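Peer 1: Okay, here's what each chain looks like letter by letter:
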Amino acid sequence: MHIVVCIKQVPDSAQIRVHPVTNTIMRQGVPTIINPYDLFALEEALRLRDADGGEVTVLTMGPPMAEDALRKALTYGADRAVLLTDRYFAGSDTLATSFALSQAIAKIGETFGPPDIVFTGKQTIDGDTAQVGPGIAKRLELMQLTYIAKIASIDLDAHEITVERRSESGTQMLKSKLPCLITVLEGINEIRRGSLQDALRAARSEIVTWSAADAGIDDLTKCGLRGSPTVVKRVFAPTGRAEKSVQIDTADKALRDLADELIAAIFTRQPALEHELACDGA
Amino acid sequence: MLNANREPPPPAAGRAGMKKDLPEHFKDYHHVWVFIELERGQVHPVSFELLGEGRKLADKLGVQLAGVVLGPPGEASWHAVAEAFAYDADLVYIVEAPLLGDYRNEPFTKAMTDLVNTYKPEILLLGATMRGRDLAGSVATTLLTGLTADCTELDVDPDGSLAATRPTFGGSLLCTIYTLNCRPQMATVRPRVMALPQRVEKPVGRIVELKLSMVEDEIVTKVLGFLPDAQSAKANLAYADVVIAGGLGLGGAENLQLVTKLARALGAEYGCSRPLVQKGWMPAERQIGQTGKTIRPKLYIAAGISGAIQHRVGVEGADLIVAINTNPNAPIFDFAHVGIATDAIRFLPALTEAFTRRLSPHSRDKLAS
Amino acid sequence: MVEEKFDAIVIGAGMSGNAAAFTMASGGLKVLQLERGEYPGSKNVQGAIMYADMLEKIIPDFRDDAPVERHLIEQRFWMMDNTSHAGVHYRSDDFNEAKPNRYTIIRAQFDKWFSRKVREAGATVLCETTATELTHDTKGTVIGVRTDRGGEAILADVVVLAEGVNGLLGTRAGVREMPRPETVALAVKEMHFLPEGLIEQRFGLKGNEGCVIEAAGTISRGMTGLAFLYTNKESISLGIGCLVSDFAEKMESPYGLLDAFKNHPSVKPLIAGSEVKEYAAHLIPEGGYKAIPRLYGDGWVAVGDAAQLNNAVHREGSNLAMTSGRIAGEAIVQVKSRNLPTTRRNLALYEAMLNKSFVLKDLKKHKDMPALLHTNSNNFFMTYPKLISQAAQNFMRVDGTPKIDKERATTAAFISARSRWGLVSDAVRLAFAWR
Ligand SMILES: Cc1cc2nc3c(=O)[nH]c(=O)nc-3n(C[C@H](O)[C@H](O)[C@H](O)COP(=O)(O)OP(=O)(O)OC[C@H]3O[C@@H](n4cnc5c(N)ncnc54)[C@H](O)[C@@H]3O)c2cc1C
Ligand SMILES: Cc1cc2nc3c(=O)[nH]c(=O)nc-3n(C[C@H](O)[C@H](O)[C@H](O)COP(=O)(O)OP(=O)(O)OC[C@H]3O[C@@H](n4cnc5c(N)ncnc54)[C@H](O)[C@@H]3O)c2cc1C
Ligand SMILES: Nc1ncnc2c1ncn2[C@@H]1O[C@H](COP(=O)(O)O)[C@@H](O)[C@H]1O
Numbered sequence: 000m001h002i003v004v005c006i007k008q009v010p011d012s013a014q015i016r017v018h019p020v021t022n023t024i025m026r027q028g029v030p031t032i033i034n035p036y037d038l039f040a041l042e043e044a045l046r047l048r049d050a051d052g053g054e055v056t057v058l059t060m061g062p063p064m065a066e067d068a069l070r071k072a073l074t075y076g077a078d079r080a081v082l083l084t085d086r087y088f089a090g091s092d093t094l095a096t097s098f099a100l101s102q103a104i105a106k107i108g109e110t111f112g113p114p115d116i117v118f119t120g121k122q123t124i125d126g127d128t129a130q131v132g133p134g135i136a137k138r139l140e141l142m143q144l145t146y147i148a149k150i151a152s153i154d155l156d157a158h159e160i161t162v163e164r165r166s167e168s169g170t171q172m173l174k175s176k177l178p179c180l181i182t183v184l185e186g187i188n189e190i191r192r193g194s195l196q197d198a199l200r201a202a203r204s205e206i207v208t209w210s211a212a213d214a215g216i217d218d219l220t221k222c223g224l225r226g227s228p229t230v231v232k233r234v235f236a237p238t239g240r241a242e243k244s245v246q247i248d249t250a251d252k253a254l255r256d257l258a259d260e261l262i263a264a265i266f267t268r269q270p271a272l273e274h275e276l277a278c279d280g281a
Numbered sequence: 000m001l002n003a004n005r006e007p008p009p010p011a012a013g014r015a016g017m018k019k020d021l022p023e024h025f026k027d028y029h030h031v032w033v034f035i036e037l038e039r040g041q042v043h044p045v046s047f048e049l050l051g052e053g054r055k056l057a058d059k060l061g062v063q064l065a066g067v068v069l070g071p072p073g074e075a076s077w078h079a080v081a082e083a084f085a086y087d088a089d090l091v092y093i094v095e096a097p098l099l100g101d102y103r104n105e106p107f108t109k110a111m112t113d114l115v116n117t118y119k120p121e122i123l124l125l126g127a128t129m130r131g132r133d134l135a136g137s138v139a140t141t142l143l144t145g146l147t148a149d150c151t152e153l154d155v156d157p158d159g160s161l162a163a164t165r166p167t168f169g170g171s172l173l174c175t176i177y178t179l180n181c182r183p184q185m186a187t188v189r190p191r192v193m194a195l196p197q198r199v200e201k202p203v204g205r206i207v208e209l210k211l212s213m214v215e216d217e218i219v220t221k222v223l224g225f226l227p228d229a230q231s232a233k234a235n236l237a238y239a240d241v242v243i244a245g246g247l248g249l250g251g252a253e254n255l256q257l258v259t260k261l262a263r264a265l266g267a268e269y270g271c272s273r274p275l276v277q278k279g280w281m282p283a284e285r286q287i288g289q290t291g292k293t294i295r296p297k298l299y300i301a302a303g304i305s306g307a308i309q310h311r312v313g314v315e316g317a318d319l320i321v322a323i324n325t326n327p328n329a330p331i332f333d334f335a336h337v338g339i340a341t342d343a344i345r346f347l348p349a350l351t352e353a354f355t356r357r358l359s360p361h362s363r364d365k366l367a368s
Numbered sequence: 000m001v002e003e004k005f006d007a008i009v010i011g012a013g014m015s016g017n018a019a020a021f022t023m024a025s026g027g028l029k030v031l032q033l034e035r036g037e038y039p040g041s042k043n044v045q046g047a048i049m050y051a052d053m054l055e056k057i058i059p060d061f062r063d064d065a066p067v068e069r070h071l072i073e074q075r076f077w078m079m080d081n082t083s084h085a086g087v088h089y090r091s092d093d094f095n096e097a098k099p100n101r102y103t104i105i106r107a108q109f110d111k112w113f114s115r116k117v118r119e120a121g122a123t124v125l126c127e128t129t130a131t132e133l134t135h136d137t138k139g140t141v142i143g144v145r146t147d148r149g150g151e152a153i154l155a156d157v158v159v160l161a162e163g164v165n166g167l168l169g170t171r172a173g174v175r176e177m178p179r180p181e182t183v184a185l186a187v188k189e190m191h192f193l194p195e196g197l198i199e200q201r202f203g204l205k206g207n208e209g210c211v212i213e214a215a216g217t218i219s220r221g222m223t224g225l226a227f228l229y230t231n232k233e234s235i236s237l238g239i240g241c242l243v244s245d246f247a248e249k250m251e252s253p254y255g256l257l258d259a260f261k262n263h264p265s266v267k268p269l270i271a272g273s274e275v276k277e278y279a280a281h282l283i284p285e286g287g288y289k290a291i292p293r294l295y296g297d298g299w300v301a302v303g304d305a306a307q308l309n310n311a312v313h314r315e316g317s318n319l320a321m322t323s324g325r326i327a328g329e330a331i332v333q334v335k336s337r338n339l340p341t342t343r344r345n346l347a348l349y350e351a352m353l354n355k356s357f358v359l360k361d362l363k364k365h366k367d368m369p370a371l372l373h374t375n376s377n378n379f380f381m382t383y384p385k386l387i388s389q390a391a392q393n394f395m396r397v398d399g400t401p402k403i404d405k406e407r408a409t410t411a412a413f414i415s416a417r418s419r420w421g422l423v424s425d426a427v428r429l430a431f432a433w434r
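Residue numbers (numbering that gives the first Met the number 0), protein chains in the order written: chain A, 0 to 281; chain B, 0 to 368; chain C, 0 to 434.
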């Protein structure tokens, strides 16, 4: 079985700062991580490989330094890493990203064998759109299985897969065909540590690095800014609320009185609430 | 692919100038559409929230607001149609087919793209639910148009283009996104980000039906079964009127009962900040914030939560935010309406007790007399 | 156990570890480097000063691509009391030279760059891998390390301990002691982000010029300690450190001191409006020459902070770390190239070479300083700063008091605070310790 996992290197959003005066993003020193959702996808792929044999190829599109993310994925135990990097990809929105990635996956198929499953994360923490996965599926005409909570079984001979898919009000059991694209839910598994042997191998692996041309992309109008129907026109900081919160003074007060005071403050602001709560609460 | 001439035209002299000259074949794309999401006979409230937003956009543009119902033949679908009108749709497009019973990507994508290609909307809005996102991604890719996810504000520019504003960089900034040179302009919005509009009493309007040109044999993915969530276990955070949430400040899993007790006393839902989910103290569906639920309750009480931006974006729609935090400089006090700088572990029991006292029938009687 | 064997395993990818790994890999040895952080420098977030000369000896053309922040053209030493500072400033355009001598750096970025050089030189670098213990043969010779990756062990002829000041590997193996509270300082620091232009305006800098402030005085509340402020490109690193034993004795909190420093009227305007990020606390070995543990043994050497090679008096650490790492690397390359076993006897070459370098010479020169400053901390960090401030103010205030009276008052203040004998003895002792 050949599995391709799309991972993205993202800035650790917990550490992104916005300058208080100029409202610009201060990128200095913001570390990058593998998009946390993609680690669930990677681990799921590794588990399938460990159970059924085969290979896991990780793929990322990004600047040259995205190599760090790939190397890390190798440390976890992936077999091969492909970096798709080219200045033509700069400024891609999800439509252009899914185009480039789908072309690269096709090329991976030609070079290393066609994938049975392509995994993506549920969403990224920087783009946060959950669109790239479906986009790839559509372009490669793969069966699209999103929000998968469990892969119940795979029958490689029959090219069949059964999965559990989350919906708003329950769980769907679906049976579909390989090749397919799966986006997994967070929490479906826990990423492994990776053995010393894997780590050594990862440290020394060559990362397969492809330009647009290497990946067989000749229509550059579908890439990067040019291939992106959406444009970001304005980036700005959210305006804070004008009024500051009313602080309840806690000095020298018994807890009981404090609680009464807080409740009074709540009901003064939301008088209707007291009646509603009294009816269905308590 | 349905339409070869859908390919976006080559850009006019780089995109930096952001020239919006819409190609001729998109110029007859009009009206605002909202996908009416139907699951198991129920319309997801996010669809009504979107009809509310769609109404405003349609009015600004001077065009019509349409609901789009994709569903199985029968009552449920027609109920959805009626609901769309009750939330002020001017017309409803419906594709009724047995294949549209349980949600599957293939028939839904087919139905939606056929509708778009036939009736040509300029704006198409979907809820950012699991289904909405699954569908929006493949529809936009099929149509080769732009899709802006998780918008928090929708507006139209004087020239008529959709200005979709959404959080970026983990919520620390907002950005406004346009779809140039392609139609429809697509956007998704998370449940509870927009307010629920008033129902209107108006007669059922125009209904446009389209046949689904697809048969079961063409669909690869089969539904083997559906396991509905047990009602009791399901957190209905997003739509609760009162939400009590705990954060890391509670110190340990053993203190979570302080939150659940208060919630029970108020008939409220309870939730938490992300670290508690990561520690396994609470299930993921109770997480509130950017990567959890967006809530819009009348009252939100946050205990031991610092108020990080990722949490903040999920609760800002609440009518009244109350924060309990030992640190008077915690960022949560920047957006809470009422703050109390005290130890939540000691304070919560007192608060529960005080609420119970105040809300008990006995004391109400006293109040009345 | 991993089958493969290495010539050398370096524990840690800080300044010293990178220098050692780079030198050995460039010298043709098969080198494995382990770093427990997510990437090299991830545990070293803060800004620091980097000394070009020591790096040039390892990577001569580092200026081509190393991520440096600003080169220093100005140094300020401040004696502070609670409301003032008196100081010596030195600023020279001569420091705007083609190959500047000192730079501010941000460790997270710099260490990453250095590590890339190490990899390019041919070493294998594993991050997120902690060495948990040294493994020995029956004779007690170190033959490798065990890691936290499934407890797997890996073999090498020599292990270079470059694990920093509180690295547990060496102490656990008994090759050195835990740092003692009297010989390590605890430094807390913060990064304050400010727009580039504002930093240049506040410090009178242009382009990549940088400025450093080092300050002592009542801000350390009578403890042996120093505060510092470095200008980076778009941020200011500042912090304060005092001996751990002092903190314990005086029951002071490091963050309390840092807060006071930040709110000092001389410092506050320099960082006003900044956004704070990255609090960090870190130990600095301050024991000087007398605290240096054994530097080598059968199958191992220790370098950098792990060997307490740190010149607290001059606030130098990374240069000693780089140099000791490089020298250890050179010594090991020599031993290996002569096909000698990496025994204690043969590795003695490292110490011999280190003795000839500035590293041990500088530390020997100031060997009495730590003790002197420590035992007299109240005088040096409370009494004198206050006296100097009073004297300066007395001198500057024009209020009709005859100058001669002013001078007398100043002298009297000094004598009453320290006594004539005390003043002389402090001066003499300081001079001797410095010598
Ligand atoms: C990509 C990404 C997505 C994220 N998504 C979310 C999300 O959806 N939702 C979310 O919540 N977070 C999210 N986070 C995490 C977020 O950045 C914060 O780390 C998190 O919200 C902090 O949780 P907390 O407030 O419970 O903990 P802390 O930040 O540790 O705050 C604890 C607070 O409790 C106070 N406290 C301590 N003791 C007491 C006491 N006895 N009584 C009262 N107060 C006390 C402290 O003063 C402090 O303010 C996300 C982060 C990332 C990187
Ligand atoms: C506040 C402060 C300011 C300073 N300012 C300056 C300055 O301006 N100029 C200057 O020259 N010096 C300065 N120093 C001193 C300087 O930072 C140190 O002397 C220098 O970093 C020592 O380098 P090192 O390689 O020995 O140790 P470190 O840089 O501490 O590196 C040790 C590395 O080993 C890793 N490690 C530890 N244990 C293990 C293990 N078991 N397995 C795997 N990896 C492990 C750690 O993660 C770390 O990356 C300062 C120190 C402090 C605290
Ligand atoms: N540049 C990229 N390179 C590789 N995979 C990506 C990239 N961008 C997005 N993905 C994948 O698509 C998923 C959804 O991303 P998004 O649509 O941005 O939320 C991610 O979890 C990744 O698996």
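Heads up, some of the hints might be wrong.
Said to hold, decoys possible - Here chain A is said to cover these stretches of chain B; the calculated rule only asks that three of the stretch's residues, wherever they fall, bring their Cβ under 8 Å from a Cβ of chain A:
| # | stretch |
| --- | --- |
| 1 | 60-72 |
| 2 | 89-97 |
| 3 | 111-124 |
| 4 | 192-199 |
| 5 | 209-223 |
| 6 | 339-346 |
By construction, these hints were calculated from the structure, which means they are not laboratory data.
Predicted model, so just to flag it, every value in this text is computed and none were measured.
For glycine and all other residues, C-beta sits at the position ideal for the given N, C-alpha and C.
Peer 1: All hints, please: hold or fail.
Peer 2: Outcome of the hint check:
no., hint, result
1, 60-72, "violated (count 0)"
2, 89-97, "violated (count 0)"
3, 111-124, "violated (count 0)"
4, 192-199, "violated (count 0)"
5, 209-223, "holds (count 5)"
6, 339-346, "holds (count 5)"
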